[in-house]
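All chains, please: the whole structure from these sequences, using the hints.
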Amino acid sequence: MLQFSKFKITLILAVLLLGLYTALPNVFSAGHIANLPSWLPARTVSLGLDLQGGSHLLYEVDTAALVKGKLEVVEDATRLALRKLGYTDLSVKGDRVTFKLRDISALEAARTALKDVAVGMQLDIADDGNVSIYFSDAELAALKKAAVEQSIEIISKRIDATGTKEPTIIRQGEDRIVVQVPGVGDPQRLKNLIGETAKMEFKMVDEVAESTGTAPPTSVQLPVVDKDGAPGQKLWIRKPVMVSGENLTDAQQGFEGGMPVVQFKFDGIGARKFGDATKANVGKRFAIVLDDKIISAPVIRDAILGGSGIISGNFTTESARDLAILLRAGALPAPLTVLEERTVGADLGADSIEAGKRACLIAIAFIAVAMVVLYGLFGVFANVAMVLNGVLMLGFLSAIGATLTFPGIAGMVLTLGMAVDANVLILERVREEMRNGRSPVNAMEAGYREAQATIFDANVTHGISTMFLFAFGSGPIKGFAITLLIGIVSSVFTAVVVTRLMTSIWLRQARPKALPL
Amino acid sequence: MFKPIHLVPSGTRINFMRPHKIAFIISVIMVLGSFALVFTKGLNFGIDFAGGVIMEVKSSTPVADLAGMRSQLDNLELGEISLQEFGAPDIVLIRIPQQDGGETGTQAAVAKVKDTLGSDWQYRRTESVGPKVGDELKSSAVWASIFAMLGIMAYIWFRYEWQFGVNAVMALFHDCVTTVGFFALTGLEFNLTTVAAVLTIAGYSVNDTVVIYDRIRYDLRRYKTLPLAQLINQALNETLARTTVTSGLTLLSVVALAVWGGEAMRGFSIAMIWGILIGTYSTICVASPMLLYMNLRNIGSDKGKPAEATVQKA
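Protein sequences appear in the order of chains A and B. Position one of the first sequence corresponds to residue 50 (the working numbering), numbered consecutively onward. Position one of the second sequence corresponds to residue 4 (the working numbering), numbered consecutively onward.
Honestly, the hints are just simulated from the structure, not real lab data. It is possible that some hints are incorrect.
What the hints assert, rightly or not - List of simulated lysine to any residue pairs, SDA-like, C-alpha gap at most 25 Å:
{"id": "1", "chain 1": "B", "residue 1": "Lys117", "chain 2": "A", "residue 2": "Asn363"}
{"id": "2", "chain 1": "A", "residue 1": "Lys193", "chain 2": "B", "residue 2": "Lys135"}
{"id": "3", "chain 1": "A", "residue 1": "Lys194", "chain 2": "B", "residue 2": "Lys135"}
{"id": "4", "chain 1": "B", "residue 1": "Lys117", "chain 2": "B", "residue 2": "Ile84"}
{"id": "5", "chain 1": "B", "residue 1": "Lys115", "chain 2": "B", "residue 2": "Arg73"}
{"id": "6", "chain 1": "A", "residue 1": "Lys149", "chain 2": "A", "residue 2": "Leu189"}
Note that the structure is a prediction, hence the values are computed from the model and not measured.
Quick look at the structure:
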């Protein structure tokens with residue numbers, strides 16, 4: 050039991066050295082790591098957002114709104130396509146657009162007319178003239194998937210434009226997106242940037258409705274945003290879109306007469322459309338509409354033919370810059386809802402690290418003193434193992450790129466107490482064997498042998514509950530579970546194998562007549 | 004080197020079995036009481052489960068003006084906002100309950116509070132959980148607990164005889180339920196971290212139980228004639244040193260966490276302290292004596308032979 054082959058000793062030392070090697074970078078500050086020789090690993094334990102500060106945001110892509118929007122577009126297109134055919138009851142009902150043809154003989158004509166409307170959709174024309182247009186399950190899934198992917202792409206562009214480093218943007222489940230951004234100075238601004246749909250449209254103001262007060266169904270009343278975003282004036286806007294944000298190629302924040310503005314450029318098609326529209330409407334007002342809110346409604350003085358222009362509204366430098374970012378990145382395909390937010394300031398993160406370190410060191414001190422008082426020399430061995438266990442945990446966490454969270458530090462502290470448990474079990478057993486009159490070597494061997502199964506059982510049951518915590522926990526709790534799991538494995542190694550090696554070397558060197566236990 | 008201290012002197016013989024009926028009664032009362040408390044008084048759910056918003060803010064003045072803040076925030080009509088000094092006199096924890104209007108309402112509340120308080124405060128932490136995620140977190144916490152218990156039961160079943168498995172899980176259930184009851188009684192916030200603590204306690208409690216069961220099984224094979232009560236008592240005494248030392252050391256590290264680990268860790272550490280105490284109690288006073296009623300003798304003896312047949316002088 051206490052005999053170690055050369056091979057085994059080498060293996061144990063190799064594991065410890067590997068742990069030391071991978072844990073080493075954590076001792077240095079970020080600045081020092083860059084100057085370290087290249088044979089040293091540069092990976093440190095990555096700190097969770099709760100320790101380094103940052104925002105964790107869980108968004109849901111409103112796919113219901115997306116589908117509804119698509120169906121409304123189809124409804125409008127259907128109305129246009131069926132101008133020459135008689136129909137009744139055209140509407141969006143649930144997940145489909147339905148209507149009834151007056152003349153059953155026009156079934157084929159309707160099919161031809163709707164061919165271009167129902168692209169990527171199912172078109173059902175029943176013999177009694179009932180027609181429905183809808184997405185099949187596969188088409189719906191593809192639509193949602195595309196919307197989520199496109200949203201992720203647009204969110205990345207928006208966050209990148211703010212110069213934030215290392216954002217994590219990943220899809221979760223069917224229609225959710227997790228955004229994790231370390232070290233955010235202004236989380237509200239980040240949320241505004243991500244959450245804004247940013248659908249930009251240039252439309253004409255309905256001057257007739259404005260002066261008479263009665264509006265045709267082709268016009269809607271939209272609010273004008275003033276500086277505070279408070280509800281203010283409203284304007285009648287004609288529904289048809291002159292040019293939309295899709296035709297923008299660039300947008301930048303600039304100044305005009307000392308006031309912050311957004312300068313934009315259209316692509317070829319956009320420039321032509323904008324030029325034509327402004328030429329035909331000189332002297333009238335048009336509206337720049339962002340997410341159904343009017344940013345500004347300037348009067349067209351001349352035809353704008355160059356394909357570029359300026360949006361001046363009630364901007365601050367920052368809000369103009371953010372709008373430019375939004376316009377450059379493009380509009381989200383569907384609105385986003387924040388389901389969960391966890392934002393931690395860098396200060397609190399640093400405080401947490403300090404508190405965690407302090408608790409860890411004090412716990413180590415407590416345990417170390419107690420172990421020496423209770424078990425003397427063997428307590429020292431156990432303490433060495435405890436420290437090695439800490440090193441191994443740190444090294445392993447660094448090597449697999451796991452994230453250390455604040456609860457994770459609690460996991461480490463807990464592991465300390467539980468790690469020495471294996472030694473307590475062994476040493477108490479050894480004492481018992483000594484009382485039964487065994488020789489030192491014999492008692493040691495019996496202690497390790499008899500305690501082994503118990504240590505194994507105790508740690509497996511502990512591991513089981515931790516694994517379920519890992520499987521079902523979220524965020525920081527996962528971090529807690531992973532440190533605890535790693536701690537369970539590494540503590541069995543250090544507390545059983547490493548202390549045994551130390552004990553066997555000591556026994557061979559000292560050849561004691563009685564164990565100091 | 005000096006002579007190490009023996010925390011439990013060798014030859015200690017405490018009769019743990021004698022008061023076991025009283026312990027059973029106390030435990031049953033505690034478990035029933037916990038249920039009663041949870042259902043009547045209820046748990047003080049944190050935002051993880053109840054939804055809502057937490058904001059930790061730091062005042063620019065050395066002492067936060069709680070009264071001023073309250074009068075400002077009460078005008079917002081966001082329901083019952085609670086303000087609490089959090090770890091230091093200049094730090095305030097603001098709790099805003101779940102808002103009508105689901106996710107959007109919650110976000111609007113955050114923005115409103117920030118607008119009202121303005122830039123005099125430094126926002127150290129903002130956490131908001133909408134109703135959807137709150138429900139999901141709740142159900143995943145429940146599933147995690149159920150699966151953890153089933154997993155532990157299955158393992159003990161596989162490693163030991165069924166009597167041990169059933170008893171260990173009963174003890175585990177006892178520890179978890181009374182921990183939850185402890186939270187209901189004290190009104191400490193019950194959140195995701197608490198669930199983590201409860202599951203850690205579950206692991207710890209079984210760990211403790213397994214060590215003693217191992218010993219009981221070992222002794223069952225060694226002393227075939229010893230009356231069961233005496234045998235269990237002997238196993239408890241033999242492992243007593245280990246039980247006290249390990250519980251003591253784990254308790255030390257958790258106390259370190261509670262005192263020096265910062266305000267955010269306090270709930271977790273307090274739960275753990277309770278869990279370690281109750282886990283040790285239940286192992287010694289509940290899980291082990293209960294084996295008395297489980298007809299264990301058939302296990303330790305040779306297969307097939309009735310228990311009486313092995314009664315002879317060892």
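Open item on the list: Tell me the hint numbers this structure goes against, listed in increasing order.
Closed with: none
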